[in-house]
Structures are given as C-alpha cells and as structure tokens.
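Asks: Sequence:
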Amino acid sequence: MNPDDDVGVWIIDSSALIKAKKIVSVSNQWDAFKQLEQMVVDGRIALPRQVIKEMSDIAHPDLPGAWAPGVRANLKHTLDAGYEHIARVMSVAPDVVDVNKPGEDADPWVLALALHVKGEGHTVCIVTEDIVDKTSISIATACGRLALDYCGIRTFLGYCGITLLKVKEQEDP
2 MNPDDDVGVW
12 IIDSSALIKA
22 KKIVSVSNQW
32 DAFKQLEQMV
42 VDGRIALPRQ
52 VIKEMSDIAH
62 PDLPGAWAPG
72 VRANLKHTLD
82 AGYEHIARVM
92 SVAPDVVDVN
102 KPGEDADPWV
112 LALALHVKGE
122 GHTVCIVTED
132 IVDKTSISIA
142 TACGRLALDY
152 CGIRTFLGYC
162 GITLLKVKEQ
172 EDP
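Offset between the sequence shown (1-based) and the numbering used here: plus 1.
Keep in mind that the hints were calculated from the coordinates and are not lab data.
One should not assume that every hint holds.
With a straight-line cut-off of 30 Å between C-alpha atoms, the simulated DSBU-like cross-links for lysine-lysine are [as the list claims (entries may be wrong)]:
#1 135 / 77
#2 77 / 119
#3 23 / 135
#4 119 / 35
#5 35 / 23
#6 35 / 135
Listed next, with one range per pair, are the computed distances between beta-carbon atoms [as the list claims (entries may be wrong)]:
#7 105 / 7: 29 to 35 Å
#8 67 / 88: 19 to 25 Å
#9 58 / 79: 38 to 44 Å
#10 135 / 38: 30 to 36 Å
#11 99 / 161: 26 to 32 Å
#12 63 / 161: 29 to 35 Å
These numbers come from a predicted model, not from an experiment.
Glycine is no exception: its CB is placed at the ideal position from the N, C-alpha and C atoms.
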C-alpha cells in the first residue's frame, strides 16, 4: 500500500495496536491515541467487535487495550460486517482462521469489515502486523486473495504524522 493513496477508512487489526505501543514512545502515546480517537470520530478508522474484545481481554490493559473499547461508542462504521462478507472471506480464505487460538479469532472479521466498508463505497486499507503465514495464513495473504489493501502500523502512523521511537527496535521472535 502506498501511503500517498487516498484511503477513506483504515481498518485496524489487534496486531497493529499491540505493535503501536512498542514503536510509539511512552511520552508520545497519549497524543498519538488521542489523534487516532479523532480519526474514529471522523469516520476514518473502523474496528470490528472482535478486535475490541481481543484488546479489552488483556489482563491488565495498557493504552491500546483501553483505547479500543473506549472509542467503541464513537465508531461511525458498523462493528459487525454483513453475513455475505464473512461468507466471502470464508470461501476465499478459510485458512485465515487460527484454529489453535483460544476464543474467537478476529482476523476473518477484520477482513469482512474491510469488504463491508469497501462495499459502502469507501477506499479501505487494513492496518496489520500479521504478514507471515504460520499455522494459518496471514491477514496479508488473505488481503491478496480478497483484493484488499493493507499496510503495517509504521506506515499508517507515518501517514498520520505520529512520531515513532528513534532507536532501532528489536523485533519479536
């Protein structure tokens, strides 16, 4: 995804919110998430119900874990994609579901919400860090199958003008 493209709505995945807390300095996190909250209010960010649940199920929520349920009431787009969209995801990319994950996997719902919002005439981009196929295919692979754009959190935050850590981050194994 080219960050210069005119994205109308960014669909945020849990993996992106989790990574955001690692790449935005603690001193900048409050302002960064307030800016993201304004994008929710403006209808520029959408989240499916399942991402909000994943983020709020964290035992001791940090800023992203508290932010997701906190913006729920301000979301302008549906929390629940239509059945036809989840059916399309499951027909084209059923292997996106991680059968080893406890509880409901949000990944197919992130994809279905992107299809739903795109179907409403918006240009969409999924923000995710799920780019490597493991026991299930990644959201990135599923996006390819579904003709959806995606980008990483660094690209998205850069597009938003949010300051990232200056030091080289160590990647998680």
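Asks: For residue 99 and residue 161, compare the CB-CB distance with the range 26 to 32 Å and indicate the outcome.
Replies: At roughly 29 Å between Cβ atoms, residue 161 and residue 99 fall inside 26 to 32 Å, so the hint holds.
Asks: Residue 77 and residue 119 were given as a pair; does the straight-line alpha-carbon distance stay at or below 30 Å?
Replies: holds, 14 Å
Asks: Cβ-Cβ distance between residue 135 and residue 38: within 30 to 36 Å?
Replies: This hint holds: roughly 32 Å between Cβ atoms.
Asks: Can the restraint linking residue 35 and residue 135 be considered satisfied, given a maximum Cα separation of 30 Å?
Replies: violated, 34 Å
Asks: Within 30 Å, alpha carbon to alpha carbon, are residue 135 and residue 77?
Replies: This hinted pair is violated, its Cα atoms lying about 33 Å apart.
Asks: Holds or violated: residue 35 with residue 23, Cα cutoff 30 Å?
Replies: The hint holds at about 17 Å.
Asks: Are residue 63 and residue 161 spaced within 29 to 35 Å by their CB atoms?
Replies: Taking Cβ atoms as reference, residue 63 and residue 161 lie about 19 Å apart, which means the hint is violated.
Asks: Between residue 58 and residue 79, is the Cβ distance one that fits in 38 to 44 Å?
Replies: 21 Å Cβ-Cβ, so the 38 to 44 Å window is violated.
Asks: Starting from residue 23, check that the Cα of residue 135 is at most 30 Å away, please.
Replies: holds, 22 Å
Asks: Is the Cα-Cα distance between residue 119 and residue 35 30 Å or less?
Replies: holds, 25 Å
Asks: Could one say that the CB atoms of residue 67 and residue 88 fall in the range 19 to 25 Å?
Replies: violated, 33 Å
Asks: Check the following: the C-beta atoms of residue 105 and residue 7 are separated by a distance inside 29 to 35 Å.
Replies: holds, 33 Å
Consistency note: the structure conflicts with the earlier hints numbered 1, 6, 8, 9 and 12.
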